[in-house]
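> Residue-level listing of the chains:
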Amino acid sequence: MSLSVNDRPDKPHAVIRPRESAFRRFLVTNRAAVGTFIVFAVMIAIFMVASPRVFLDWTIYSSVLVTLPVALTLVVPLVFVVTVGEIDLSFPSTMGFSAWMFALLVKAGFPVLLAIAGAIVTGTVIGLAVGSLVVYAALSSLIATLGMNYMLRGLIEIITQGKSLALLELRESPVTAALSGSVWGVPVQMFWALLFVVLAALLYNRHRFGARVHAVGDHPDSATQMGIPVDRVRVATFGFMGFGAALAGVFTTLVNFTWWPTTGDGYLLPAIASVFVGGTPTWGGIGTVAGGAIGATIVSFIQSGIVAAGLSGFFVQFFNGLIIILALLGHRWNQKRYR
Amino acid sequence: MAERLIELRNVAKSYGRVFAVGGVNLHVDRGEVVGLLGDNGAGKSTLIKMLAGAIRPTSGDILVRGKPAPNWNAARSRDAGIETVFQDRALAVQQSIVRNIFMGREITTFLGFLDTAKEHAEAERLMREIGFTSKVFTPDSIVGQLSGGERQGVALARAIYNKADLIVMDEPTTALSLTETEKVFRFVRTVRAGGRSILFIGHNIHHVYDIADRFVVIDRGRVALEASKAQVGSAQALIDFMEHTAHPQGAASFDPTAKPETTRSGTNWPGTNRPGAAS
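Protein chains in written order, with my numbering: chain A, 1 to 339; chain B, 340 to 618.
Looking at chain A on its own, in the form it has when it is part of the complex (with noise of 0.2 Å):
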């Protein structure tokens, strides 16, 4: 048998469909930042209706927005993380350390760009230390930086024998102002955020390290056979993690003017929940770092406006997961799996 191979070129088939409108393929391509989105608005609608003399107000929104951009410096670099395929749950620790490097540096008479400098490197180096523990030494991420977020907490404890850092100084220096100010009744800090997450966007969706942060998660296998160092490419998703950490426990210590130990302790599931209720799902592969920037937005506010609501602070956790749910489950529906 011998199959008969017709060498007569095919014509080239001209690639014609239909015109999209440019919204369409906005909401398409957003699909899952859009549907976070509805979820946050939605929310806050029905808080606006069960509670208007509160949330009609500026000074709920102004009291979020304080801290939200630490959530937003920490869910965003998380995005890269569960998008390469891991999960990284040693953050909360590594903000805790790199705002005690701040905190020292400050107290030491630094400068206090320096010490911010300082706190970046920290988080950066201790996020590609947890990195390359699990990636060279083949760790599930799950367990190993919970292993680690435990050990550098220890450490920190051990060290400062639980005693907390208070930082007046910063009180007078103006780079506090500059960073955690605020203009037009919205703190200083949020536009700060906002540049980071909007940087990171970038980085996420058009740059070569976003591209091969999502080949590597989406196959590890097919990225290593096009030649994509896949372990270096996760251990920097990790070293991003650090880097955001950073950022975050300066926030944190900035707005507070003291360090405590536990800095950073309360942000470890909220941060997490917020990565998957702004339609990043588990597989990786895929995500948006949009989406998880308004995940952290509803998170942020489910807390308070629960209670501004009227309810009882024991609705609090019910909501949270009620809210979860709703969102995970919307997005499985908006959602094609390929694999």
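For the record, the hints were derived by calculation from the structure and aren't laboratory data.
Just a few of them, taken from the derived set where beta-carbon distance is under 10 Å, the chain B residues facing chain A:
id	residue
1	G392
2	A393
3	A413
4	A414
5	S416
6	D427
7	A429
8	A431
9	V432
10	Q433
11	F441
12	T447
13	L450
14	T455
15	D479
16	I481
For each residue, glycine too, the CB sits at the ideal point set by N, CA and C.
On the provided structure of chain A, position chain B as indicated by the hints.
Same frame as chain A, now just chain B:
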């Protein structure tokens, strides 16, 4: 003589004490299509993964255009002009066509930011060149939505994008329909006509016989035969040879640890003096 593009010299790969490939010499010259044949587990995939730099040989040398290539890896292999279309196509199915084509080879402008406009234009051109028949897919379409043949097209588009000198195709026709197979064949002929080379790995001996100029049969990690199309004569002869190497004394006494007895090369072609083989 045509330029020797790539040469494997006495290349071996062992996993612990098990030799997947034991001392293989293989070369591909410019402008030729080499058909690589062998049973399952013969070492074909290991061999081409070494060519692609996905795994590193335990011993032996890889020469690119006559020069030794140290620290061989996937990125170096692609830099040397070798593109591999893997059996599993090495695609990331949740990503777009354009992201798959430029996986690991992103076109960037400044500071590593993607030149999305250029990538899209190139992807459109490549999709037309490959003959993407469906009109609904754009470079932004997700690969998971494509059929097997279309996915193969994406893998081929990726291979031709870099104007590679050698395209290694690992069982490119497996699980493809007849028309899709013809497309792959047409692709191979176009590539050869452009003066480039192909290493074509296949299970379907008829396919490989039709398309290749020279054949290399691997058996249990060694080269059992290297012969040109003229020396082989017919696809049936090739089949007979492969049956003979796989079961020298018949299937009952098959011993997987034995070295192949019929290591022959060039004119020592066994089929020619066996009745009925060279028909």
